[in-house]
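Residues per chain, in single letters:
Number of protein chains: 2
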Amino acid sequence: MDGNDYTPETARQLSREVRKRARSGELADITLSLAPGIVQCNVAILPKDWSADFLKFCWANPKPCPLLAVSDTGDPMLPGLGEDIDIRTDLPMYRVFLDGVMEKDILDIRDLWQDDFVTFAIGCSFSFDEALRDANIPPRHLQLGVSTAMYRTNIEATPAGPFKGTYVVSMRPYKPADAIRAVQVTSRFPNVHGAPLYFGDPTGIGIQDITKPDFGDAYPVYEGEVPVFWACGVTPQVVIEQSKPPICITHKPSHMLLTDLLNAELAML
Amino acid sequence: MDGNDYTPETARQLSREVRKRARSGELADITLSLAPGIVQCNVAILPKDWSADFLKFCWANPKPCPLLAVSDTGDPMLPGLGEDIDIRTDLPMYRVFLDGVMEKDILDIRDLWQDDFVTFAIGCSFSFDEALRDANIPPRHLQLGVSTAMYRTNIEATPAGPFKGTYVVSMRPYKPADAIRAVQVTSRFPNVHGAPLYFGDPTGIGIQDITKPDFGDAYPVYEGEVPVFWACGVTPQVVIEQSKPPICITHKPSHMLLTDLLNAELAML
Chain A
282 MDGNDYTPET ARQLSREVRK RARSGELADI TLSLAPGIVQ CNVAILPKDW SADFLKFCWA
342 NPKPCPLLAV SDTGDPMLPG LGEDIDIRTD LPMYRVFLDG VMEKDILDIR DLWQDDFVTF
402 AIGCSFSFDE ALRDANIPPR HLQLGVSTAM YRTNIEATPA GPFKGTYVVS MRPYKPADAI
462 RAVQVTSRFP NVHGAPLYFG DPTGIGIQDI TKPDFGDAYP VYEGEVPVFW ACGVTPQVVI
522 EQSKPPICIT HKPSHMLLTD LLNAELAML
Chain B
282 MDGNDYTPET ARQLSREVRK RARSGELADI TLSLAPGIVQ CNVAILPKDW SADFLKFCWA
342 NPKPCPLLAV SDTGDPMLPG LGEDIDIRTD LPMYRVFLDG VMEKDILDIR DLWQDDFVTF
402 AIGCSFSFDE ALRDANIPPR HLQLGVSTAM YRTNIEATPA GPFKGTYVVS MRPYKPADAI
462 RAVQVTSRFP NVHGAPLYFG DPTGIGIQDI TKPDFGDAYP VYEGEVPVFW ACGVTPQVVI
522 EQSKPPICIT HKPSHMLLTD LLNAELAML
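Residue numbers (my numbering), protein chains in the order written: chain A, 282 to 550; chain B, 282 to 550.
Rather than coming from a laboratory, the hints here were simulated on the basis of the structure.
Each hint can be trusted.
The list makes no distinction among identical chains, and a pair is therefore deemed to hold if it is satisfied within one copy or across any two copies.
List of simulated lysine-lysine pairs, DSS-like, C-alpha gap at most 27 angstroms:
| no. | residue 1 | residue 2 |
| --- | --- | --- |
| 1 | K525 | K344 |
| 2 | K456 | K445 |
| 3 | K493 | K533 |
| 4 | K456 | K344 |
| 5 | K344 | K329 |
| 6 | K456 | K493 |
| 7 | K533 | K385 |
| 8 | K533 | K344 |
Using the sequences and the hints given, assemble the complete structure.
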């Protein structure tokens with residue numbers, strides 16, 4: 282298949298195949314680069330009693346939590362994101378939190394599903410990573426084929442009801458001129474975290490050791506580069522640790538929900 | 282006059298009065314803030330023999346030299362920029378270069394005018410300074426009421442014929458989050474230098490001492506801030522020093538040509 286054959290329909294077909302493999306349990310890997318051009322989502326599933334406050338939390342914190350879809354109560358399907366998406370099975374890996382404590386990572390959540398569950402799908406930086414690569418400023422983790430480095434910070438999210446906590450950020454190292462270009466490129470994608478929120482000295486946002494990410498993989502920041510930090514969709518997981526809902530199910534970091542939406546459809550301007 | 286009374290027509294009236302005072306020799310000051318909302322220009326005047334190469338130089342270096350107007354040969358008027366603009370008299374102060382050497386600063390150039398002169402009007406950062414202030418991230422020099430700090434760098438411009446040299450940049454200190462916002466705000470104004478081209482360690486672009494600008498005034502970069510650098514319309518003056526045309530007349534830095542155009546008219550997006 283050459284580049285000309287890779288149409289939006291090809292991308293959506295590929296995405297549906299990924300979901301099918303996740304559904305069957307065959308795919309349990311990180312989803313980076315699995316379906317180029319396709320929007321991938323962070324996921325959080327909560328009981329209805331907690332959903333209004335969580336929705337407000339997302340609305341109040343659009344940089345880490347840009348909402349792409351909210352399900353109907355008890356309905357595992359997400360028709361707004363694509364064809365036949367069943368959130369009980371279509372993620373490669375799930376992470377289960379009970380009373381705010383991470384309990385386990387599992388392949389599907391059919392046995393845990395509740396009639397009062399509401400699913401939230403949140404934009405993911407994989408979308409703008411692709412735009413950065415296309416702008417000839419590829420993020421290092423794409424070049425290395427590893428997971429994005431993510432860090433807990435001291436940036437307080439705007440609280441909503443029981444939901445409070447600090448931002449998680451993802452980091453990409455760039456030379457200053459490329460960092461400026463990266464601000465421009467990612468500003469076009471407010472639905473998937475948008476522009477970075479910080480760059481430079483990591484301690485300025487409470488990151489003590491840049492070589493030790495809290496999630497994902499480490500990679501170097503070379504001489505002449507600065508680390509540039511974007512708000513990250515793993516933030517809800519940290520917030521859930523603090524707000525302690527009786528049950529919450531998320532994706533395992535970097536194991537995202539693939540949709541039928543195209544990144545190009547999300548671009549502003 | 283309250284804010285509601287300050288219409289585009291008021292701004293243009295004010296601008297015409299500034300030009301009239303410059304024409305009479307009454308005004309010889311820096312023009313920052315003299316007519317809010319009005320586009321101000323860097324100016325370079327060259328003999329026709331040198332004008333094609335200079336035009337190509339501007340085209341090839343749009344960040345330091347975004348062209349807003351080029352006059353007809355020998356014609357001192359600039360109708361594309363406003364009503365009755367006579368470039369021989371309407372700048373507060375002129376700087377004369379003979380064979381690339383700065384000769385003198387003078388109030389008008391009626392005695393020096395040649396029938397083969399071509400005038401180039403180049404966008405000025407005063408336009409985006411206003412946008413930065415309106416976005417609640419005012420540049421420090423506006424707050425202090427001083428001139429922008431400008432520095433010679435080691436960034437090579439793309440040469441055109443005899444015109445070659447290095448960029449001059451202007452500097453504004455910002456905290457990282459505000460610097461990111463400043464990238465967004467100034468990206469809307471490609472006709473007046475657009476986005477910054479560098480930030481951080483000044484030696485990375487050949488600036489040895491940030492406390493000693495080559496043009497304009499010095500101001501501090503505080504703890505937690507980074508210096509952010511934009512291409513500057515003083516670049517042509519440095520290039521003229523190197524290319525040594527027999528005569529070239531520019532504005533004196535920060536003593537700009539006021540037009541009838543509005544900054545808001547230049548904004549993209």
